[in-house]
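Asks: Taken in order, these protein sequences are the chains called A and B. The numbering of the first sequence is numbering that gives the first Met the number 0, which starts it at 0 and goes up by one. The numbering of the second sequence is numbering that gives the first Met the number 0, which starts it at 0 and goes up by one.
Keep in mind the hints are simulated off the structure, nothing from the lab. Hints are not guaranteed to be accurate.
[To be verified] Okay, the calculated bits of chain B under chain A, using three or more residues with CB under 8 Å as the criterion: (1) 159–167; (2) 173–183.
[Claimed, not checked] Stretch by stretch, here's where chain B covers chain A in the computed footprint (C-beta under 8 Å, at least three residues): (3) 47–55; (4) 58–65; (5) 82–88.
Glycine included, C-beta positions come from ideal geometry on N, C-alpha and C.
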Amino acid sequence: MSKGRGTLHNNHGSFDQRLEAARRRAGLDQNGENSQPTEANPLSLAMQLGAEMVAALVVAVAIGYGLDRLLHTTPWFMIGFVPIGAAAGVLNLLRAMRTTKN
Amino acid sequence: MGNESIDALGQFKLTTGLGAFGRAFEFTNSNEMMLFGSAIVVALYVVALRRRALVPGRLQGLAEMTYEFVHQMVIDTMGPEGARFFPFVFTLFAFILVGNILGLFPYFFAFTSHIAITGALAVFVFLLSTAVGFWYHGIGFLKFFSPPGVPGWLLPLLIPIEIISYMSRPISLSVRLFANITAGHVMWEVFAGFMLLLVASMGAVGAMASIIPLGLNIALTALEFLVAVLQAYVFAILTCLYLHDAIHMH
């Protein structure tokens, strides 16, 4: 979305254009599969990609730690799940970046 | 805020709102802002749509354009089946948008800067989209986790990866909103603190120099308004995409 939805008295044409631009940026008009919206702002792009990567690792560590606590197998589930979580994080990154490439 | 140090995180502290009532019932300032924000949305639609003019005025135009914008987004993302989720997505979008924008005003509390709030919203979206997936496809929704066109021996490795990727959605969804809002407010506070520090340490020269952080803060204000709207939009569109995945399974 371009700056200022505050200028709401704009005519309908410019709203359509901004909607069009926003949708393009969100990767919606390419009938995207699992596409994630990305924004032009590099800071929030960096923050978003970092969050994508870390989120998957957090889930993997939580599952590994939980299973270990439950089954008294202390390091093993964690060791198994962390690489899977890292792979899932890369998968998230790829899905998030797919729309910024084009 | 003291003159010696910058207390950038004090603004996110929860206190009680609504005076004596809030102190008695632990009704926080965050709850107060949520109530206020929801009241604004409801009031906007009640007042703006009271006259139902054929040629809308400003308020009615605002209400109708927001409605149509979200409606178009829902239909374009999810297809015609998505219409039944429109009330949900619209409520979410309006709540987050008003919360983000209200949080930008001085002395107002930004409730979207708390991970407890964004996390609750994201977990609700996650549970809803999972439930919708099972509701539409029954147990067949589990096929969502096996990517098509992959040799069978890779599946034991790929299915956990897909599941973890799926389960990380609420985390990245909530962290994205919370981090954007928090970072903006912290940056504001830090630059404002620079101005006080400059004046305190260098007197008149410092007061001249503090024009620089002031200018940065003005530029940041514009950016923060953009971020407030953009993050509400991103949250809503990701909700649409997750529901799309649940309905169409790819």
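Asks: Determine for every hint whether it applies to the structure shown.
Replies: Against the structure, the hints come out as follows:
For the segment 159–167 of chain B, the proposed coverage by chain A is satisfied: 7 residues have a C-beta within less than 8 Å of a C-beta in that chain, meeting the threshold of three. Remark: the segment 173–183 of chain B is confirmed as covered by chain A, as 5 of its residues place a Cβ nearer than 8 Å to a Cβ of that chain, reaching the required three. Restraint check on the segment 47–55 of chain A versus chain B: 6 residues with Cβ-Cβ distances below 8 Å, three needed, restraint holds. Against chain B, the segment 58–65 of chain A contributes 3 residues with a C-beta closer than 8 Å to a partner C-beta. That satisfies the three-residue criterion, and the hint holds.
A count of 5 residues in the segment 82–88 of chain A with a Cβ less than 8 Å from any Cβ of chain B is obtained; the coverage claim is therefore met, three being the minimum.
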